[in-house]
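K.L.:
Just so you know, the protein sequences line up as chains A and V, in that order. The first sequence: position 218 = 329 (my numbering), numbered continuously. The second sequence: position 95 = 206 (my numbering), numbered continuously.
Each hint should be verified, as a subset may be incorrect.
Which copy is meant is left open, because identical chains are indistinguishable; a pair holds if it fits in one copy or across any two.
[Unchecked claim] DSS-like cross-link-like pairs, simulated, lysine-lysine; straight-line CA separation at most 25 Å: (1) 202 with 463; (2) 147 with 434; (3) 434 with 202; (4) 168 with 434; (5) 206 with 409; (6) 202 with 143; (7) 408 with 202; (8) 143 with 434; (9) 447 with 170; (10) 206 with 434; (11) 434 with 409; (12) 409 with 202; (13) 408 with 143; (14) 202 with 421; (15) 170 with 463.
Calculated directly from the structure, the hints in this document are not laboratory data.
Number of protein chains: 2
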Amino acid sequence: MITLNVDLDERGYPIFIGRALLGRSEELLAEKIVSKQVVIVTNETIAPLYLDEVVAKLKAFDVETIVLPDGEQFKTLDTVMQIFDALVSRKFGRKVTLIALGGGVVGDMTGFAAACYQRGVPFIQIPTTLLSQVDSSVGGKTGVNHPQGKNMIGAFHQPKAVLIDTDVLNTLDSRQFSAGLAEVIKYGLIRDASFFSWLEENIGLINQKESEILAETIERCCQSKADIVEEDEHEGGVRALLNLGHTFGHAIEAGEGYGEYLHGEAVSIGICMAADLSSRMGWLSRDDVERITSLLKKAMLPIVPPSTMKREQFMRLMAGDKKNVDGQLRLVLMRKIGDAVVTDQFDSNALKETLDSYGRE
Amino acid sequence: MITLNVDLDERGYPIFIGRALLGRSEELLAEKIVSKQVVIVTNETIAPLYLDEVVAKLKAFDVETIVLPDGEQFKTLDTVMQIFDALVSRKFGRKVTLIALGGGVVGDMTGFAAACYQRGVPFIQIPTTLLSQVDSSVGGKTGVNHPQGKNMIGAFHQPKAVLIDTDVLNTLDSRQFSAGLAEVIKYGLIRDASFFSWLEENIGLINQKESEILAETIERCCQSKADIVEEDEHEGGVRALLNLGHTFGHAIEAGEGYGEYLHGEAVSIGICMAADLSSRMGWLSRDDVERITSLLKKAMLPIVPPSTMKREQFMRLMAGDKKNVDGQLRLVLMRKIGDAVVTDQFDSNALKETLDSYGRE
Chain A
112 MITLNVDLDE RGYPIFIGRA LLGRSEELLA EKIVSKQVVI VTNETIAPLY LDEVVAKLKA
172 FDVETIVLPD GEQFKTLDTV MQIFDALVSR KFGRKVTLIA LGGGVVGDMT GFAAACYQRG
232 VPFIQIPTTL LSQVDSSVGG KTGVNHPQGK NMIGAFHQPK AVLIDTDVLN TLDSRQFSAG
292 LAEVIKYGLI RDASFFSWLE ENIGLINQKE SEILAETIER CCQSKADIVE EDEHEGGVRA
352 LLNLGHTFGH AIEAGEGYGE YLHGEAVSIG ICMAADLSSR MGWLSRDDVE RITSLLKKAM
412 LPIVPPSTMK REQFMRLMAG DKKNVDGQLR LVLMRKIGDA VVTDQFDSNA LKETLDSYGR
472 E
Chain V
112 MITLNVDLDE RGYPIFIGRA LLGRSEELLA EKIVSKQVVI VTNETIAPLY LDEVVAKLKA
172 FDVETIVLPD GEQFKTLDTV MQIFDALVSR KFGRKVTLIA LGGGVVGDMT GFAAACYQRG
232 VPFIQIPTTL LSQVDSSVGG KTGVNHPQGK NMIGAFHQPK AVLIDTDVLN TLDSRQFSAG
292 LAEVIKYGLI RDASFFSWLE ENIGLINQKE SEILAETIER CCQSKADIVE EDEHEGGVRA
352 LLNLGHTFGH AIEAGEGYGE YLHGEAVSIG ICMAADLSSR MGWLSRDDVE RITSLLKKAM
412 LPIVPPSTMK REQFMRLMAG DKKNVDGQLR LVLMRKIGDA VVTDQFDSNA LKETLDSYGR
472 E
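Model the full structure from these sequences, guided by the hints.
P.N.:
Structure representation (C-alpha cells):
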C-alpha cells in the first residue's frame with residue numbers, strides 16, 4: 112500500500128492506494144471517524160459486491176446503509192433528498208460520518224449530502240470505479256446535476272480520507288473502465304507529457320488491468336490531482352485545467368440525457384474536440400492530435416460527437432458552463448501535449464468549424 | 112450610519128446600520144459586487160414595498176429579480192430549486208452576486224442557494240425584519256428546513272456585506288416585530304446581563320419603534336453576534352449559546368407545522384421553557400424566571416407552549432436537534448441572566464416536569 116497526502120492544513124487528508132484495502136477499512140479509517148454513527152451510501156450495483164464486506168469490517172461502529180439507484184440520471188437534488196430523509200429519520204447528529212462506496216455519482220452525491228447535512232458533517236471516499244479513483248474522489252468537489260447543466264449545484268467539501276482498493280477494478284465492466292481512462296489520459300495532456308508517453312507505451316497492459324501498471328497509473332493521477340488541489344483548492348486558477356474536454360463533454364451529457372454517455376466517454380469526445388479546435392487555431396500540431404485520438408481509441412473510448420447534436424445545441428449548452436465569466440465562454444485548449452491553458456481568447460470561427468465539422472465527415 | 116465589521120480574515124465583511132440605507136445601496140455595496148450580474152431574491156410581501164427602490168439604485172448592474180412566496184413553510188429545498196432554475200436558465204456564472212432582500216427565510220434560502228450554485232457564489236444580505244437584522248443576516252448560517260427538522264440542510268456561507276436600513280421596520284407588522292424581540296432578549300440572557308436590564312428599561316420605547324433606541328438595540332445585537340461568530344464561526348463552542356430557546360422552539364415550529372408560529376414566537380416560548388427547566392434544577396432563581404417571562408410578555412410574545420403539544424412529541428422532535436452528540440440531547444440552559452451554558456448534564460426528571468407542567472396549569 113502507498114499513502115499520498117493532500118496537504119490542505121486542517122482540511123488535509125490521506126489517500127490510501129493498494130490491493131485488498133477494503134478488508135483493512137477499519138484499520139485505515141477508524142481514526143477518521145469521530146462518533147459511533149456511520150452511514151455508508153452506495154448503489155444497487157456495488158451493494159451486492161462490496162457492501163457486506165465493508166459493513167463487517169466496521170463492526171465497532173453503528174453502521175447504517177443507504178442504497179441508491181445506479182446512474183448519472185439519478186445524480187439529482189431529489190436523490191440527495193433521499194439521503195437527507197434517511198439521516199433525519201434516524202436522528203443522526205452532526206458527528207455522523209458518511210462513507211461513499213461507489214463511483215463518481217455516489218461520491219459526488221454523498222459528499223454533497225455531507226456538505227449540507229446539519230451544515231456539514233465528515234465523509235470518507237471509497238471509490239470503486241477507475242474514474243472516481245483517479246479523479247473525482249480526490250479534491251472535494253461534490254454536487255448534483257441540474258437538468259440544464261452538469262454539477263451546477265454543489266459544494267467544496269474535502270473528505271477525511273480516500274481509500275482506493277485497486278482490486279475492485281476486477282469487477283468493473285469494460286465500458287466503465289475505459290471511461291476512467293479518459294480522465295487518466297487528461298492528466299498527461301494538461302501538464303505531464305512524459306506521463307502521456309508512458310501511457311502510450313503501457314496502454315496494452317493497462318487494458319489488461321495488469322496490477323502493477325494499474326497501481327502506478329492510479330498513483331500518478333492521484334499525485335497530480337493532489338498537487339493541483341493543493342495549489343488551487345477552489346478553482347481560481349490552475350484547477351480549471353482539469354476541465355479539459357469537459358465543456359464539450361458536459362454539453363454532450365446534458366444534450367443526450369444524463370446516463371446516455373458515461374461521463375468519461377463524453378470527456379473523451381470533448382478532449383478530441385478541444386484538440387481539433389486547438390489544431391485549427393495553429394496551437395496543436397496534427398501529429399499531436401493524431402497521438403491523442405489514437406490513444407483514446409486504444410483505450411476503447413468514443414472520439415466523435417453524437418450525430419444528433421448540432422452546433423447550435425452545443426453553443427446553447429456550453430453558454431451555461433461554470434468557467435464562463437460575464438457570459439463569455441472559456442475553454443481549456445492545448446498548446447501541445449502536456450501544456451493546456453484556460454482561455455476566452457479562442458477563434459470563434461475555428462470553434463464553429465470544430466462544432467460543424469469535427470467527426471462529421 | 113454606523114459600520115460594524117465581522118472579522119473573519121478573507122471571509123470578513125461590514126455590517127452597515129442606519130436610516131434610509133436602501134437609498135444608498137449602490138454607494139455601499141458596489142465594491143462588493145464582482146461582476147455585472149446581480150440577482151435580487153425577495154418575497155411577495157417585500158417586493159411591492161422595496162424591490163423597485165433597490166433595483167433602481169443598482170442600475171449600473173444587470174439586475175434580475177426572483178420573487179418567492181412568503182413564509183417559513185416555503186423554506187424548503189424545493190423553493191431553493193426555484194432559485195437554481197432561474198439562475199441556470201439565465202446562464203448566470205460563478206461571479207453572479209445574489210442579494211437577499213427580506214427576512215430570515217429569504218436570507219437563509221438565498222444564502223444557501225449562493226453557497227451551492229456552481230459550488231459557491233457571493234451574496235449580500237439586506238434584512239427587512241427585526242429578527243433578520245439582529246440575528247440571522249449576520250454569521251453565515253444558511254439553509255432550509257426538512258419536514259422533520261428545522262434548518263437540517265444548509266451551509267456556512269458568509270455574506271460579502273449586510274445592509275440594515277432601520278426605516279424598513281416602520282412597515283413591519285407588529286407580530287413580526289415582536290418575533291424579532293425574542294432574539295434581541297436572547298442576547299441579554301446568554302451573556303450580557305446589562306443589556307437585559309437596558310431592555311427592561313427601554314422596552315416601552317422599543318415597542319414604539321423609537322428610532323434612536325431601536326438603532327442602539329440593533330447595533331448591540333449585531334456587535335454581540337459578530338463577536339460570537341468571530342470567536343466560533345462553525346459552532347464548535349460558544350456559538351451554540353445562540354440557540355437558547357431554539358431546541359424547544361424548533362420542536363414547536365416543526366410540531367405545529369412551519370409557518371404556524373413565527374420563528375421568534377417559538378423561540379420566546381422556548382426561552383421560557385429553558386428558564387423553567389433551569390429553575391427546576393436550582394440554577395436560575397424564580398425572580399430571574401419572572402423577569403424573563405415578564406420582559407417577553409411586554410414584548411407581546413407568547414410564553415406558553417401550544418396545548419396540543421405533549422411531552423412525547425417534544426421529546427421525539429428534540430431528539431433530532433443538531434446540537435445532540437451520539438443521540439444525547441443537549442440544551443442551552445441558564446445559570447443566571449447573562450450566563451448561559453450548553454449542556455447534556457441536565458436533570459431528565461426536571462425536563463419531564465417542564466414538558467408536562469410548564470404553562471399547562
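K.L.:
Run every hint past the structure and note whether it holds.
P.N.:
Structure-based check of all given hints:
1. 202 with 463: between (54 Å within a copy, 20 Å between copies)
2. 147 with 434: For residue 147 and residue 434, the Cα distance is within 25 Å only across copies (16 Å; inside one copy 40 Å).
3. 434 with 202: between (38 Å within a copy, 11 Å between copies)
4. 168 with 434: neither (41 Å within a copy, 29 Å between copies)
5. 206 with 409: Close neither inside one copy (46 Å) nor across copies (40 Å); limit 25 Å.
6. 202 with 143: within (21 Å within a copy, 39 Å between copies)
7. 408 with 202: neither (49 Å within a copy, 34 Å between copies)
8. 143 with 434: between (34 Å within a copy, 21 Å between copies)
9. 447 with 170: neither (51 Å within a copy, 44 Å between copies)
10. 206 with 434: Cα proximity of residue 206 and residue 434: across copies only (10 Å, versus 34 Å in one copy).
11. 434 with 409: The answer is neither: 30 Å in one copy and 54 Å across copies each exceed 25 Å.
12. 409 with 202: Neither, since 50 Å and 37 Å both go past 25 Å.
13. 408 with 143: For residue 408 and residue 143, neither the intra-copy (40 Å) nor the inter-copy (48 Å) Cα distance is at most 25 Å.
14. 202 with 421: This pair counts as between: shortest inter-copy Cα distance 20 Å, intra-copy 49 Å.
15. 170 with 463: neither (57 Å within a copy, 35 Å between copies)
Of the numbered hints stated above, those contradicted by the structure are hints 4, 5, 7, 9, 11, 12, 13 and 15, listed in ascending order.
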